[in-house]
Structure formats: C-alpha cells, structure tokens
Amino acid sequence: MWNSLLGFWDQYHGLIIGFAALALVLFVNQLIYRRGWKSYPTREQYLAAHPGSATAGGIVCAKCRQKAAGMAVASSGRIYRCTWCDTELYRIDRA
0 MWNSLLGFWD QYHGLIIGFA ALALVLFVNQ LIYRRGWKSY PTREQYLAAH PGSATAGGIV
60 CAKCRQKAAG MAVASSGRIY RCTWCDTELY RIDRA
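Residue numbers (numbering that gives the first Met the number 0): 0 to 94.
Treat the hints as calculated values from the structure; they're not laboratory data.
Using N, Cα and C, we set each Cβ at its ideal position, and we do this for glycine too.
Wrong hints could be hidden among the right ones.
Stated by the list, open to error - Across the chosen pairs, the derived CB separations fall in these ranges: (1) Leu-14 x Arg-64: 30 to 40 Å; (2) Ser-3 x Gln-44: 53 to 63 Å; (3) Phe-18 x Ala-47: 22 to 32 Å; (4) Thr-82 x Ala-48: 45 to 55 Å; (5) Pro-50 x Gln-29: 30 to 40 Å.
Please work from the sequences and hints to get the whole structure.
Quick look at the structure:
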C-alpha cells in the first residue's frame with residue numbers, strides 16, 4: 000500500500016503542491032476581500048434611489064437608460080444588471 004502511495008506522490012507531487020497552493024491563495028483571498036463585498040439593493044430600494052427608472056417597459060438603468068436583464072444566481076434568486084454599461088442594479092431574492 001505504501002509503495003503505491005509513494006509512487007503516486009513521486010509521479011504527481013508537483014500537481015498536488017500546485018493545487019494546494021492555489022487553494023490556499025483562494026482561501027486567503029476570500030478572507031481578505033469578503034469584508035469589502037456589498038449587498039445589491041432590492042428593487043424597491045433601487046426605485047426609491049432612482050425614481051425615473053420605472054417605465055412601462057420595465058426597469059431601466061439610471062446611468063444609460065437601457066433595460067435591465069436578469070441573471071440567475073445559484074440558490075439565491077436573481078441579480079438584475081444593465082446589459083449596456085454592465086452595472087449591477089438590484090436583486091430579487093428567492094423566497
């Protein structure tokens with residue numbers, strides 16, 4: 000058993016060390032930058048801050064006046080963003 004593990008280590012030790020280092024860097028990145036993450040406003044908060052964004056055709060971006068498009072977020076709901084200027088507008092949480 001030990002011979003097979005040593006053979007595996009001899010063959011793939013560079014990949015194992017590389018993936019471990021990458022995992023460590025990504026973990027430290029999460030610890031450092033998670034404090035700076037922001038929460039997107041809800042639709043009601045966005046419309047309160049930008050009252051002219053509500054139109055008959057839907058909600059438009061306050062910056063460039065293009066229609067917002069939704070992007071699904073896994074198990075969280077949707078984030079709506081402007082397709083023209085790539086600005087995140089608001090979120091709708093899954094109930």
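Tested hints:
At roughly 50 Å, the beta-carbon separation of Leu-14 and Arg-64 lies outside the given 30 to 40 Å, and the hint is violated. Evaluation of the 53 to 63 Å hint for Ser-3 and Gln-44 yields a pass: the beta carbon distance comes to about 58 Å. Distance hint check for Phe-18 and Ala-47: the Cβ-Cβ separation is about 46 Å, which falls outside the suggested range of 22 to 32 Å. About 20 Å separates the C-beta atoms of Thr-82 and Ala-48, a value inconsistent with the hinted range of 45 to 55 Å.
Separation of Pro-50 from Gln-29 is about 37 Å and conforms to the stated range, judged on CB atoms against 30 to 40 Å.
When held up to the earlier numbered hints, the structure conflicts with 1, 3 and 4 and fits the remainder.
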